[in-house]
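Q: One-letter residues, chain by chain:
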Amino acid sequence: MFTYAAPTSVEQVVDALSEWGSRARILAGGQTLIPLIHSGRLNPDHLIDINGVRSLDFIHQNGDLSLGACCRQHDLEAFLHTRKRCALIAEALPLIADREIRNRGTVCGSLAAALPGAVLPAVALACNAKMRIQNKDGARELCATDFYRDNGSVALAPDEFLTGVVFPECDLYRSAIEEVRYTQLSFPACGAAVLVDSHDGLCSSVRIAVFGQGFPARRMGQAELLVKGERLTPQLLDEVAVRIRKQVRAHSVPGIPEEYARHVAGSLAARAFKRAVELSQPLTTQVN
Amino acid sequence: MLGKAIHRSEDARLLSGKGRFVSNLQFPDMIHAAILRSPHAAARILEIRTGQARNLPGVIAVWTFADLKDVLKPIPQIAPHPSLRPRTPYPLVDKIVHHEGEPVAIVAAETYAVCRDALREIEVRYEPLPVVLDAEAGLSGSPRVHDDLADNCAAHFGQEAGNVDAALADCDCVITERFSIGRVSAQAMETRAVIARFEPDASTSRLTVWCNTQSPHILRSLLAQQVGLPRFDIRVIAPDIGGGFGVKNRYYPENTLIPLLAIRLGRTVKWVESRRESFLCTYHGREQVHQVTLGLDKTGRIRGLRDRILYDQGAYTTLGIVVPHITTISVPGPYRVPNYQVECTAVYTHKAPSVPYRGAGKPQACFVMERMLDAAAARLGIDPVEIRRRNLLQPEDFPYNTRLQDADATQVLYDSGDYPKCLEKVLDLIGHNSFEREKRDAALAGRKLGLGVACFIEMTGRGPYESGLVRVEPNGHIVVSAGISSQGQGQETTLAQICAHCLEVELGSVHVRLGDTAAIPLGIGVYAGRSAIMAGNAVALACAAVREKLMKAGAAILGVAPEAVEYTGGKVRELADPHRTLTLGEVAMRLYSPALVFPFPAGIDPGLEALRYYKSSRPAYSNGAYAVVVEVDPETGHVKIVRHALVHDCGNMINPAVVETQMTGGIAQGIGASLFEELQYGPDGRLLNASLDSYLLPRATEIPTLRQAHVVTPSPFNPLGLKGVGEGGTIPVAPALAAAIENALGTGMKLTHVPMTPPRVLALSLAAREQSDRTEEALIRS
Amino acid sequence: MQTRTVEMTVNGKTCSCSVPVTQPLAVVLRDRFRLSTSISCGEGNCGSCSVLLDGQPVRSCLMLAVQASGRAVTTVEGLDLQLPRLQKAFCQNHAVQCGFCAPGFTIAAAALLQNGFRPSEAEIREGIKGHLCRCSGYAGLVAAILQAAADG
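First to last, the protein sequences are chains A, B and C.
So that you can map any letter, position 195 of the first sequence is 195 in the working numbering, and since no number is skipped, the others follow by simple counting.
So that you can map any letter, position 356 of the second sequence is 356 in the working numbering, and since no number is skipped, the others follow by simple counting.
So that you can map any letter, position 99 of the third sequence is 99 in the working numbering, and since no number is skipped, the others follow by simple counting.
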């Protein structure tokens with residue numbers, strides 16, 4: 001049994017969090033939180049429903065893409081679809097569960113929950129997204145690569161919450177996401193989100209974020225270094241895959257042995273990398 | 001009416017949100033129950049403290065075994081067998097827990113939320129005990145699941161037809177393999193639910209129980225034993241049921257506990273199983289290990305087959321050896337196996353009991369036989385389809401005596417079928433002739449396609465009887481009842497079709513009432529594809545009796561001799577004067593008349609109804625062939641079904657659309673169990689994937705529309721010539737998929753475990769690639 | 001136990017009711033309003049409980065009833081215009097067997113076919129993948145939605 005509060009301003013949310021700390025949970029979309037409560041895995045004393053905080057319900061694009069914590073996954077999907085921008089995020093969103101979940105689920109909720117296998121944390125990592133966090137001392141920004149820790153937790157103290165996220169301008173890059181999921185509605189067993197800066201197969205740089213049910217979303221820095229300044233060849237792809245397999249630290253989950261997850265994370269990263277580089281559509285070079 | 005794909009009468013209410021599901025039923029004054037379950041697979045209960053829970057506002061009762069020890073009895077063993085050393089549970093655990101999820105305490109409270117809070121307040125001290133988690137380990141006998149047994153052997157049985165040792169000693173080709181089939185959960189969309197109400201002053205049954213059970217009458221009999229009330233004092237109602245698949249046929253602890261609460265508390269009590277509970281304590285299916293030896297001559301004809309089976313019984317022998325016994329007699333399947341020897345050991349483990357789940361032992365048998373044929377085909381260099389052709393029973397072989405005995409000692413006799421025709425037709429449907437080219441073209445585009453085929457038979461319509469009741473009402477409408485309940489198989493429609501056909505009336509005038517012990521006195525229930533054969537024939541018998549009475553009574557009303565009338569088009573008609581007719585309603589009016597003027601001639605009783613039992617000990621055998629084309633992603637092991645086809649023979653079809661939807665649904669469950677579904681346990685015996693996001697059921701994206709065709713060879717074993725369809729779809733899927741995956745990856749017979757999840761397929765893919773790299777290397781070097 | 005008064009529109013009728021804050025919308029719809037909302041898993045994995053919220057399909061088990069304040073909720077019973085067409089298509093295609101998942105699929109179909117959208121078979125399968133049916137293998141449901149789209 002929990003209590004329920006529906007604040008209407010960020011200040012009120014922060015006040016509630018300051019008082020209750022880890023005994024409280026933020027309720028935004030509820031698509032992650034409510035199942036956790038229903039199954040007994042989480043037993044919060046207080047729920048703070050932020051859906052009434054108007055100032056958190058926004059999407060702005062001005063070069064960078066900036067969203068508030070109440071931005072629904074579906075709304076962002078529609079926003080990007082009309083504008084044909086941010087290909088990596090636009091590719092990721094329809095992969096999440098189904099339309100009904102996305103009608104309620106929020107982008108920030110998924111980012112903060114960092115469920116194993118979720119694609120948005122990997123997208124945030126690949127984009128070097130900036131996480132906006134609020135506590136009673138004010139607002140701060142944290143790069144996704146610092147927000148997502150190696151042990152799978154996120155850098156959010158019990159008395160703070162994610163108010164929004166900024167995805168820096170990424171339309172200059174080619175992108176692709178590859179996943180394997182057993183059924184089309186399960187969380188991916190593993191996958192990779194890739195952003196690459198390349199021309200005619202010559203890669204200046206790449207960002208690779210792998211994700212999967214058995215390991216936290218992570219950037220594969222060592223594999224990224226291999227690619228710098230290289231031309232895309234089958235050998236390079238193999239090397240990238242091998243390096244990623246060495247770097248991924250996975251544990252087995254039911255049905256997904258860690259050797260499988262590691263091996264396939266490497267294969268899918270290579271596949272995403274190849275697809276991104278070989279993308280034939282012209283990129284939008286115009287900002288805004 | 002027969003053979004027509006008419007629309008279902010059930011749909012009117014189900015599509016308006018007016019389905020009457022136990023889990024949705026509400027009663028005034030209703031209270032709720034919830035159950036505290038053991039988190040341990042094996043444990044001794046040292047102490048239970050319920051004081052805190054009892055004191056919560058809104059809590060009405062908290063019971064443990066100690067509170068009920070004067071009344072609790074073990075749930076009866078209803079499928080005895082000479083080789084069985086049975087164990088069944090008490091409705092609440094006394095001292096020793098034998099599987100995770102066993103009920104340890106029960107709470108009744110005003111609301112479900114209070115129940116949940118109360119559960120958290122109950123303190124139980126357990127001493128965890130060592131666990132046995134697989135049949136092979138269990139054979140060693142240590143640790144023992146049941147302390148009072150010498151080891152973990154629940155049963156051991158077998159039989160032989162012919163002389164396998166001699167046959168195998170004299171074969172050109174002998175193959176030995178080991179197969180394992182994983183444990184699955186039925187996962188109907190509606191979980192189990194029980195509502196009970198006790199009215200001490202009621203003039204008819206004092207205890208009414210609503211339960212989504214497949215066998216209301218059997219439940220009633222067992223419940224009578226459990227709560228100490230006579231059978232006639234209990235009414236069991238199974239209204240609409242959101243899926244059964246066999247596991248809702250069993251008698252569960254809650255079937256005793258909820259009525260006991262109702263009796264003792266004087267309130268209507270409702271319990272609905274949570275989804276997680278449905279994984280833990282709705283019983284499981286399938287888990288077996290087979291060690292098989294197949295001997296053939298060099299033309300690929302089977303000479304002998306030996307199978308040693310280990311069946312993971314789980315903690316209790318809820319339905320004895322029914323499932324593994326079915327497996328033992330099903331392995332030969334549609335093939336001529338001149339010498340066959342099978343042995344089965346059922347082993348106790350610390351898991352939930354294993355019981356019939358759609359297919360009930362037949363999918364495992366088919367997997368084994370089909371895989372062995374694929375292995376033999378590869379070994380002998382014979383095409384896998386051709387090897388099947390060479391071994392299939394032929395139409396002239398029927399009725400075919402397998403020389404095997406069923407568990408009730410009757411001979412296993414196949415009634416009829418044209419097995420080769422089904423195979424040829426499915427090859428046609430799937431595009432077998434052009435597949436090599438299709439595969440090559442796909443390979444050029446970097447895609448790996450493969451095709452697999454499996455043949456199967458399906459024993460249906462097990463007896464010993466089923467009941468059918470047909471009553472004509474004075475308004476000319478007809479009420480039909482049978483001793484079954486429906487879990488969505490369309491029996492309200494198909495039984496109405498039979499009645500409309502037999503009595504030559506409009507379908508709309510027939511009303512079918514199922515799932516109620518008050519509607520018909522005796523019955524057995526739904527399982528093993530028996531509704532059509534058993535209830536259908538019972539209803540037909542009852543219709544025939546009503547028809548006969550219609551003529552006799554009609555003749556008497558018309559004042560002519562019984563031979564002077566005929567019954568056609570829903571009317572009794574005087575032969576000599578065809579204008580003199582009586583409708584059913586008119587005859588019924590007289591026979592039910594409150595005016596008491598109709599003189600009942602000799603041989604005619606009041607009322608116009610008949611209750612008949614169709615008795616049979618000869619199951620009918622459906623059969624078919626299934627073919628599937630898959631695309632395998634060699635880098636991830638992901639398998640996509642590109643297309644699939646089924647040709648099925650279930651004899652005469654009452655409603656082809658009902659048949660086809662049963663087949664599609666069965667195939668879907670077959671796909672689930674073949675590619676995605678397996679219950680997984682930690683080393684402590686706790687289920688690791690007890691939720692729908694970790695135990696994956698196939699979605700609309702996984703199952704393309706099935707191409708279906710029918711062959712019809714009626715069964716000579718029942719008057720309507722019917723064969724059942726409920727389980728068939730689940731049977732051939734795994735081996736056909738295995739063969740298709742291997743065909744796509746270019747390997748021999750390698751997939752010996754079900755399910756074939758991406759990690760297993762990837763392992764095969766990598767091995768195949770390594771093999772072909774080595775071959776390439778060798779070629780380059782040479 | 002904390003309760004709150006929720007004012008919402010359910011199938012076109014405004015209502016005000018006091019609900020425990022912990023109660024999911026699905027439970028209130030099923031038990032308080034006696035509507036056709038099935039609850040099969042309670043955790044958003046099966047789609048049996050789906051309803052329209054301001055015309056958009058959502059899982060009602062993943063919303064607290066208090067969150068529906070000021071919103072319009074539609075269940076199968078409130079699908080006036082589309083329901084006959086959907087029912088006819090479902091019935092003619094033998095889409096439904098036990099019927100427990102039918103309310104959720106009906107809502108999903110209604111949502112998919114909004115605004116005259118005519119999905120392809122692949123789009124239908126993708127569009128209903130959030131909904132589980134254990135009985136049917138989905139073939140009849142897909143055929144029914146294709147037919148309903150064509151009839152619309």
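Calculated from the structure, these hints are not laboratory results.
Treat the hints with care, as some may be off.
Pairs of lysine to aspartate or glutamate, DMTMM-like flavour, derived with a Cα cap of 25 angstroms [to be verified]:
(1) K552(B) / E566(B)
(2) K274(A) / E127(B)
(3) K84(A) / E123(C)
(4) K246(A) / E635(B)
(5) K18(B) / E77(C)
(6) K88(C) / E770(B)
(7) K448(B) / D238(A)
(8) K448(B) / E121(C)
(9) K552(B) / E492(B)
(10) K246(A) / D773(B)
(11) K448(B) / D54(C)
(12) K439(B) / E631(B)
(13) K448(B) / E770(B)
(14) K18(B) / D54(C)
(15) K95(B) / E127(B)
(16) K298(B) / D170(B)
(17) K750(B) / E258(A)
(18) K640(B) / E91(A)
(19) K130(A) / D197(A)
Q: Would the pair K84(A) and E123(C) pass a check requiring their Cα atoms to be no farther apart than 25 angstroms?
A: 20 angstroms, holds
Q: Is the Cα-Cα distance between K18(B) and D54(C) 25 angstroms or less?
A: 23 angstroms, holds
Q: Need the status of pair K552(B), E566(B): alpha-carbon distance at most 25 angstroms?
A: Between K552(B) and E566(B) the Cα gap is close to 10 angstroms, so the pair holds against 25 angstroms.
Q: Measure nothing beyond the straight line between the CA atoms of K298(B) and D170(B); if it is 25 angstroms or shorter, mark the hint as holding.
A: 11 angstroms, holds
Q: Is K88(C) close enough to E770(B), meaning Cα to Cα at most 25 angstroms?
A: Since the Cα atoms of K88(C) and E770(B) sit roughly 55 angstroms apart, the hinted pair is violated (cutoff 25 angstroms).
Q: For K448(B) and D54(C), compute the direct alpha-carbon distance and say whether it is at most 25 angstroms.
A: 45 angstroms, violated
Q: Given the proposed pairing of K448(B) with E770(B), does the C-alpha separation stay at or below 25 angstroms?
A: Roughly 16 angstroms between the alpha carbons, so the hint for K448(B) and E770(B) holds.
Q: Between K246(A) and E635(B), is the straight-line Cα distance small enough, at 25 angstroms or below?
A: 17 angstroms, holds
Q: Are K18(B) and E77(C) close enough, with their CA atoms no more than 25 angstroms apart?
A: With Cα atoms ~9 angstroms apart, K18(B) and E77(C) stay inside 25 angstroms; holds.
Q: Within a Cα-Cα threshold of 25 angstroms, do K274(A) and E127(B) meet the stated pairing?
A: Judged against 25 angstroms, a Cα distance of about 56 angstroms means the pair is violated.
Q: Compare the distance between the alpha carbons of K552(B) and E492(B) with 25 angstroms, and conclude whether the hinted pair is satisfied.
A: 29 angstroms, violated
Q: Check the hint pairing K448(B) with E121(C) against an upper bound of 25 angstroms on the C-alpha distance.
A: Holds. K448(B) to E121(C) sits at ~24 angstroms (cutoff 25 angstroms).
Hints 2, 6, 9, 11 from the list above are not met by this structure, while the remaining hints are.
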